Amino acid sequence: MSLSSSAHKLKRLATTASEESAVAPPITLSERSSIGLALLRILVGYLWFQQLFWKLPPTFAGLYGYVVRESQHAILPGYGALLQHTFLAGCPSLSSPVGCTAFVPLAACVWTAELLVAISLLFGLFTRFGALLATILAVQLYVGLAYTEWIWTYGMLVLLALVLVAVPAGRRLGIDLWLAPRLQAAGQHHRLARIASWLV
Amino acid sequence: MHTLRRGLLAGVLASLVLAMFDFVTDGAPGNGFPSVLRWFGITVADPTISRLSGLLLLIVLGGLVGLIFGAIQRGKPIATGRALLTGLALGVLWWLLFEVVLANITNHASSPFSLSFGRFLSSFPLAVLFGVLIGAISIQWQGQHGSRQPS
Numbered sequence: 027m028s029l030s031s032s033a034h035k036l037k038r039l040a041t042t043a044s045e046e047s048a049v050a051p052p053i054t055l056s057e058r059s060s061i062g063l064a065l066l067r068i069l070v071g072y073l074w075f076q077q078l079f080w081k082l083p084p085t086f087a088g089l090y091g092y093v094v095r096e097s098q099h100a101i102l103p104g105y106g107a108l109l110q111h112t113f114l115a116g117c118p119s120l121s122s123p124v125g126c127t128a129f130v131p132l133a134a135c136v137w138t139a140e141l142l143v144a145i146s147l148l149f150g151l152f153t154r155f156g157a158l159l160a161t162i163l164a165v166q167l168y169v170g171l172a173y174t175e176w177i178w179t180y181g182m183l184v185l186l187a188l189v190l191v192a193v194p195a196g197r198r199l200g201i202d203l204w205l206a207p208r209l210q211a212a213g214q215h216h217r218l219a220r221i222a223s224w225l226v
Numbered sequence: 711m712h713t714l715r716r717g718l719l720a721g722v723l724a725s726l727v728l729a730m731f732d733f734v735t736d737g738a739p740g741n742g743f744p745s746v747l748r749w750f751g752i753t754v755a756d757p758t759i760s761r762l763s764g765l766l767l768l769i770v771l772g773g774l775v776g777l778i779f780g781a782i783q784r785g786k787p788i789a790t791g792r793a794l795l796t797g798l799a800l801g802v803l804w805w806l807l808f809e810v811v812l813a814n815i816t817n818h819a820s821s822p823f824s825l826s827f828g829r830f831l832s833s834f835p836l837a838v839l840f841g842v843l844i845g846a847i848s849i850q851w852q853g854q855h856g857s858r859q860p861s
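Chains as they are written, first to last, in this note's numbering: chain P, 27 to 226; chain R, 711 to 861.
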C-alpha cells in the first residue's frame with residue numbers, strides 16, 4: 027500500500043464521517059416510551075371525557091356562560107362578533123340560553139366533537155384524528171378564553187393535543203394497534219384507506 | 711398457565727388505570743373508590759379505610775376479570791383483533807354486572823336495569839376501556855414474550 031493511497035483512504039473516511047454527522051440519526055421510540063405516550067393519551071382523553079358532564083344535553087346550559095365570555099374576551103378581532111351572530115343569535119339574556127335560536131344545535135356540535143375526542147383518545151381509535159379535533163377545539167378555547175384565565179391553561183391544552191398529532195400514541199394500549207397495519211396494507215390499493223391510515 | 715398469569719397481570723394493570731382516573735378527578739382523590747364497596751352493599755365509616763379497601767377491591771376484581779380473559783385463551787396465543795374484542799366484551803359484562811345490576815340492587819332502585827343518560831355516559835365508556843386495556847396489555851406481553859414462552 028502506497029503512502030498516497032492510504033492518505034486518500036483516510037480523507038475518504040473523514041468525508042464519510044462528516045456526512046454522517048450532518049444527517050440527524052433516525053429516532054426510534056422504545057416500547058417503554060410508547061407505553062408512556064399511550065398512558066398520556068388515555069389521561070388526555072379522560073380530561074376531555076370529564077368536561078362532557080358540566081354541559082350535558084339536552085340544554086348544554088353549562089356551555090352558555092363560557093360562550094358569552096368568549097364573545098367578550100376573544101383575542102382575534104371579529105371572533106366575538108362571529109359568536110354573537112351564531113351561538114348567541116337572538117339571545118335575550120347573557121345569563122341563560124333560554125330563547126336563543128341557534129345555541130342548542132351549535133352546542134350539540136361542540137359536545138359531540140368533545141365526545142369524539144374523548145372516545146378517540148381513551149380507546150386509541152383513530153387517535154391522530156381525535157388529536158387533530160382536540161387541537162382545533164383547544165385553539166378555539168385559547169382564542170376565546172386565554173386572557174380570562176392563566177394564559178398557558180389553554181396553550182398547554184393545544185400543545186398536549188399537538189403532541190398526540192405528532193406521535194402515533196394509539197398503537198399501544200389502543201385499538202389503532204389492530205387498525206394501523208390493516209389500513210397501511212389496504213392503503214397500497216385504496217386511496218381512502220391511505221388517508222385513513224394517516225389518522226391512526 | 712402463562713396465559714392465566716398474563717391475563718391476571720393485565721387485569722390488575724387495567725384496574726390500576728381505572729384507579730388512576732380517580733386521582734385526577736376534581737375534589738379529594740379517591741372519592742370514587744367507596745362506590746366499588748357499595749356494589750357489594752359494604753359501607754365503611756372511616757373515609758380513608760373506605761377508599762383504600764375500595765381501591766384494593768377494584769384491583770382484586772380487575773385481576774379476576776383478567777383471569778377470566780386468560781382462561782378464555784385456553785393457553786393458546788391470541789390474535790390482536792380477538793384479544794381486543796374479548797376484552798371489550800368483558801368490559802361490557804363488567805359494566806352490566808357492577809355498574810348497572812349490582813349498583814341498582816344495592817341502591818334499592820325500582821329496576822335492576824334502570825339507568826339515566828348521565829350514569830350511562832359516566833360508566834359505560836370507562837368499563838369498556840377497562841376491557842379493551844386488558845386485551846391490549848395482554849397482546850403487548852404476548853408480542854414481547856411469546857417467542858420465549860410455550861403456550
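It is worth saying that the hints were derived from the structure and are not from the lab. It is possible that part of the hints are untrue.
Said to hold, decoys possible - Here are some chain P residues pointing at chain R (derived, C-beta under 7 Å):
1. Tyr72
2. Leu148
3. Trp204
Claimed, not checked - Computed spacing ranges between beta-carbons, pair by pair:
4. Ala755/R <-> Thr112/P: 28 to 38 Å
5. Ala755/R <-> Cys135/P: 28 to 38 Å
6. Gly213/P <-> Ile815/R: 20 to 30 Å
7. Thr758/R <-> Leu66/P: 26 to 36 Å
8. Val124/P <-> Arg829/R: 21 to 31 Å
9. Leu806/R <-> Thr85/P: 48 to 58 Å
10. His111/P <-> Phe827/R: 54 to 64 Å
11. Ala755/R <-> Gly213/P: 39 to 49 Å
12. Ile221/P <-> Val770/R: 43 to 53 Å
13. Phe827/R <-> Val165/P: 24 to 34 Å
14. Ala755/R <-> Ala115/P: 51 to 61 Å
15. Ala819/R <-> Trp80/P: 20 to 30 Å
16. Thr753/R <-> Trp224/P: 15 to 25 Å
Said to hold, decoys possible - Looking from chain P toward chain R, a few residues come up when the C-beta cut is under 10 Å (computed):
17. Gln76
18. Pro118
19. Leu120
Bear in mind the structure is a predicted one, so any value in this text is a computation, not a measurement. Glycine included, C-beta positions come from ideal geometry on N, C-alpha and C.
Each hint, compared with the structure:
1. Tyr72: OK, holds: Tyr72/P within 7 Å of chain R, min 6 Å.
2. Leu148: Nearest chain R Cβ about 5 Å off; hint holds.
3. Trp204: Holds, because the Cβ-Cβ distance from Trp204/P to chain R comes to roughly 5 Å (cut-off 7 Å).
4. Ala755/R <-> Thr112/P: 28 to 38 Å: Distance hint for Ala755/R, Thr112/P is violated at roughly 52 Å.
5. Ala755/R <-> Cys135/P: 28 to 38 Å: 46 Å, violated
6. Gly213/P <-> Ile815/R: 20 to 30 Å: 49 Å, violated
7. Thr758/R <-> Leu66/P: 26 to 36 Å: 29 Å, holds
8. Val124/P <-> Arg829/R: 21 to 31 Å: With Cβ atoms ~26 Å apart, the hint holds.
9. Leu806/R <-> Thr85/P: 48 to 58 Å: 29 Å, violated
10. His111/P <-> Phe827/R: 54 to 64 Å: 31 Å, violated
11. Ala755/R <-> Gly213/P: 39 to 49 Å: 59 Å, violated
12. Ile221/P <-> Val770/R: 43 to 53 Å: Since the Cβ atoms of Ile221/P and Val770/R sit about 45 Å apart, the hinted range of 43 to 53 Å holds.
13. Phe827/R <-> Val165/P: 24 to 34 Å: 29 Å, holds
14. Ala755/R <-> Ala115/P: 51 to 61 Å: 53 Å, holds
15. Ala819/R <-> Trp80/P: 20 to 30 Å: 25 Å, holds
16. Thr753/R <-> Trp224/P: 15 to 25 Å: 51 Å, violated
17. Gln76: Because about 7 Å separates Gln76/P from the closest Cβ in chain R, which is inside the 10 Å limit, the hint holds.
18. Pro118: Violated - the Cβ of Pro118/P stays beyond 10 Å from chain R, reaching only about 28 Å at its closest.
19. Leu120: Constraint on Leu120/P not satisfied, violated at 26 Å.
Hints 4, 5, 6, 9, 10, 11, 16, 18, 19 from the list above are not met by this structure, while the remaining hints are.
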